[in-house]
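There are 2 protein chains.
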Amino acid sequence: MSMNGAEALLKTMIDAGVEVCFANPGTSEMQLVAAIDKIPGMRPILGLFEGVVTGAADGYGRMADKPAATLLHLGSGYSNGMANLHNAKRAFSPIVNIIGEHAVDHIPLDAPLTSDIEGHASLHTNWLRTCQSADEMPKDGADAVAAAHAGRITNLIVPANYAWTESQGAVPPVAPETRPRVSDDSIAQAAEALKKGQECCLFLGGRALREEGLVLARRIEQATGAKIVCEVFPARIQRGRGRVSVERLPYLGEFAAEVLKDVKHMVVLGTKAPVSFFAYPGKPSVLTPEDCQIHSVATAQDDQLDALQRLADSLGAPELEMPEDPALPAIPGKEEAFTAEAVGAVVANYLPENAIVSDEANTSGIFSYAMYEGAAPHDWLTLTGGAIGQGLPVAVGAAVACPERKVINLQADGSAMYTNQALWTMAREQLDVVTVIYNNSSYAILNLELMRVGVENPGERAKSMLDLSNPSLDWVKIAEGQGVTASRATNVEEFEAQFKAAVEGKGPRLIEVVL
Amino acid sequence: MSMNGAEALLKTMIDAGVEVCFANPGTSEMQLVAAIDKIPGMRPILGLFEGVVTGAADGYGRMADKPAATLLHLGSGYSNGMANLHNAKRAFSPIVNIIGEHAVDHIPLDAPLTSDIEGHASLHTNWLRTCQSADEMPKDGADAVAAAHAGRITNLIVPANYAWTESQGAVPPVAPETRPRVSDDSIAQAAEALKKGQECCLFLGGRALREEGLVLARRIEQATGAKIVCEVFPARIQRGRGRVSVERLPYLGEFAAEVLKDVKHMVVLGTKAPVSFFAYPGKPSVLTPEDCQIHSVATAQDDQLDALQRLADSLGAPELEMPEDPALPAIPGKEEAFTAEAVGAVVANYLPENAIVSDEANTSGIFSYAMYEGAAPHDWLTLTGGAIGQGLPVAVGAAVACPERKVINLQADGSAMYTNQALWTMAREQLDVVTVIYNNSSYAILNLELMRVGVENPGERAKSMLDLSNPSLDWVKIAEGQGVTASRATNVEEFEAQFKAAVEGKGPRLIEVVL
Chain U
1 MSMNGAEALL
11 KTMIDAGVEV
21 CFANPGTSEM
31 QLVAAIDKIP
41 GMRPILGLFE
51 GVVTGAADGY
61 GRMADKPAAT
71 LLHLGSGYSN
81 GMANLHNAKR
91 AFSPIVNIIG
101 EHAVDHIPLD
111 APLTSDIEGH
121 ASLHTNWLRT
131 CQSADEMPKD
141 GADAVAAAHA
151 GRITNLIVPA
161 NYAWTESQGA
171 VPPVAPETRP
181 RVSDDSIAQA
191 AEALKKGQEC
201 CLFLGGRALR
211 EEGLVLARRI
221 EQATGAKIVC
231 EVFPARIQRG
241 RGRVSVERLP
251 YLGEFAAEVL
261 KDVKHMVVLG
271 TKAPVSFFAY
281 PGKPSVLTPE
291 DCQIHSVATA
301 QDDQLDALQR
311 LADSLGAPEL
321 EMPEDPALPA
331 IPGKEEAFTA
341 EAVGAVVANY
351 LPENAIVSDE
361 ANTSGIFSYA
371 MYEGAAPHDW
381 LTLTGGAIGQ
391 GLPVAVGAAV
401 ACPERKVINL
411 QADGSAMYTN
421 QALWTMAREQ
431 LDVVTVIYNN
441 SSYAILNLEL
451 MRVGVENPGE
461 RAKSMLDLSN
471 PSLDWVKIAE
481 GQGVTASRAT
491 NVEEFEAQFK
501 AAVEGKGPRL
511 IEVVL
Chain V
1 MSMNGAEALL
11 KTMIDAGVEV
21 CFANPGTSEM
31 QLVAAIDKIP
41 GMRPILGLFE
51 GVVTGAADGY
61 GRMADKPAAT
71 LLHLGSGYSN
81 GMANLHNAKR
91 AFSPIVNIIG
101 EHAVDHIPLD
111 APLTSDIEGH
121 ASLHTNWLRT
131 CQSADEMPKD
141 GADAVAAAHA
151 GRITNLIVPA
161 NYAWTESQGA
171 VPPVAPETRP
181 RVSDDSIAQA
191 AEALKKGQEC
201 CLFLGGRALR
211 EEGLVLARRI
221 EQATGAKIVC
231 EVFPARIQRG
241 RGRVSVERLP
251 YLGEFAAEVL
261 KDVKHMVVLG
271 TKAPVSFFAY
281 PGKPSVLTPE
291 DCQIHSVATA
301 QDDQLDALQR
311 LADSLGAPEL
321 EMPEDPALPA
331 IPGKEEAFTA
341 EAVGAVVANY
351 LPENAIVSDE
361 ANTSGIFSYA
371 MYEGAAPHDW
381 LTLTGGAIGQ
391 GLPVAVGAAV
401 ACPERKVINL
411 QADGSAMYTN
421 QALWTMAREQ
431 LDVVTVIYNN
441 SSYAILNLEL
451 MRVGVENPGE
461 RAKSMLDLSN
471 PSLDWVKIAE
481 GQGVTASRAT
491 NVEEFEAQFK
501 AAVEGKGPRL
511 IEVVL
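Protein chains in written order, with full-length UniProt numbering: chain U, 1 to 515; chain V, 1 to 515.
Next up, chain U with everything else stripped away, as it sits in the complex (with noise of 0.2 Å):
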């Protein structure tokens, strides 16, 4: 059969086991739509806005642990699917993004949407590539899904002339990227930090926080007395019931310098040391006292798996001793407040076993984590870098990697905001997720660091521009007019019976909780 560009570059990605890919297309990626159609495998998710595609991809990739494709219209198309891409970098999640160009003899002429596309998706990675030609075309996309199973984004241009001009066809996939293996030496160093027992901190982070890896750093806790601990924001940690639980560092500087006031020795493995979010006033950015050792043993982009089970080897750790699960959270009574903790006890206790739980509700989510130690099996995953707008988006994608497994959206208002048109593609493709849009109609966690930074007493103009009332969202509208079913609770009682029902039924729905 005879391909162009666009057909052999598709059929080479579904032959290296590429089987979705997010879409927002413009006229510059009209001949990728057509090979999409005409090539069998690949299933195109439309989003109505490229934050929700990018994000979808992150979500995938932590999910199904190999990339989703992306398709995005030139310069302006990728901008707006930077901020989660810019998540999805700091997840280290796989992602494949086929990026549109103009057509070579375009580009000068400097039409409307002609942009610096490289200058752009430099920003996200080093595996940036410009297709040269339409028989290269397939190469390229081959070694795009390679390089992107090692936890990165890669970035392929696709110059129109190029997907539209008769090609070779399809070359073979290319073998994925494997994970570098820690060195020798390292392991040797970060087994003699641990055998100093209370002293030291295993700092842990990535694929350390799978089922697998959270077994093999107790062991070493077990043996040593080290202390476990997880990043602030990790891209998908395992947990819930017969599973291991670990501190999670928190998010304000202030009390994570607490957790690790005396810790002389800290051994990190699948993230780094860990620093405060913000700069503040008189205050560090480093969490770890200042007489603290840092041993770097693997990033995460190493084969952790591999350095954990070597460090537990080399300590000699004995088989796990589980203790008792912890016990689920009481759902409060009727006559007690509704506040967001109430919400994650309900959430927790009727979390439905082997759930995703796409983290975003900021600070309404803060207190509520530690409730879902004792909840059924669940993967947790988290805003990784910070740019809002990942929960929905995240959701998206993870329903798709995961079809039988239900979706739990934790999401704040303000962040939902970003990427509500995530919505949209819920209903379209039917993702069995429920979101809970935490509406306490502001920019809580800034009323919080406007204090931080020492701004006291704020006035009418600042307090402003931290609000989200006058007027208020009416989350169930917003989520209705983009097909999915909605309701709202304002008390205990009503979110308990809408969100049994939720996650009961099958199929995207939204609680708006009224805080």
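It should be emphasised that the hints constitute simulated quantities derived from the structure, not laboratory data. Since no wrong hints were added, every one of them can be taken at face value.
Since the list gives no way to pick one copy over another, a pair counts as held whenever it fits inside one copy or between any two copies.
Derived pair list, reagent style DSS-like, types lysine-lysine, alpha-carbon separation capped at 27 Å:
{"hint": "1", "residue 1": "LYS38", "residue 2": "LYS139"}
{"hint": "2", "residue 1": "LYS283", "residue 2": "LYS38"}
{"hint": "3", "residue 1": "LYS38", "residue 2": "LYS463"}
We have chain U; now place chain V onto it with these hints.
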């Protein structure tokens, strides 16, 4: 009064005439929020997504002819605003972006939100500065305002620690950059070309499309017989009854080339010579005939009105003879089909005196533009850079700049979704904007483009990527969910009644027309 860097910067900008700050701040901008609170003179307007913030600044700049400030949160906040900055750059709108950055000691720690902000910000401007101290910060602001006045975006990156450090205080305004005067040689050459009469086209954009510029252009046409044509996507054109009406070059390259096929000389003023929006297999991208000579007189940043005046003088152009105004289109009767053109006819008939039209109707508006030549005098603003999601935010900014004028936003459904959060800002600020959503449940333009790039008989997977039905968006709910009064029209009669009521009233209103 002692001032920190943020306060000194803000006071300086207010003294330099900046009155409005479209904002979506985060923690790193809290000192600037506090400064806006403390120092009178700057109106903060919150957008719930940065694309609203930057698009509003664009609309404000087009109508006020001076910059608004924006307040953006780090690289990720900036990237959310990039698509509309791309459009604003193509509109040569004056904008001063204040972009928060981490404290300088915090940057090397690579906290989650750290990114290459200069790399982001350099994509839209050659005026980019990162503040180097609290003392220099106000002068940086004064320079940014002065440079923006010449019709460009200026990007000022403000590290948080300089914002909170004591500074020497505000500095006086810097004289706005003036627009370069075109050389006498250029004028003389253009005059020679224009003297060739019908063989010559005077191709206009930018400031030349203001009422005064068009009068000069028409006088030149009357003196020489050269034909006036306006660029495809003007940032702002003044038109309607009693004004000079000019032909607008069609969007579709085939039609544009037809308009220009006999042109041997093109005098270009306030824009560049026309090229097609996209490239298509086997079709030329340059829209002027091969033997056409291009005479570029003035760019969109030069002093275009001065150039036109000197051209008119050198050609001894007589005073304007205005033809009769074109008739208003007839409003179709009850029995006739409810089409985009019927909507255009109603809007044209009821357009209030001195209205501002923010046009992002795309496919639905393409055949209605000419209907407004006989409407009440108005300003028409278009999608200059092709990055969709501009119409609603530009309407916000125009309404803030001109509170006494009615703003009509003609809006395609697909594009409206990109920055639907603008509706909330319209509600909060009670802006006098009537939004008309053309709901055709598709990216209609892309169905056309799919054919134009040579894809025939697209199948289900392709069509699903261009289709916005299943589910259809309910714009009444989406608007009401954000506090905007809304209604739906399914025939001409309903639309006429709703539009009439909307323009007679005051405040934000949305009408969904179902086509």
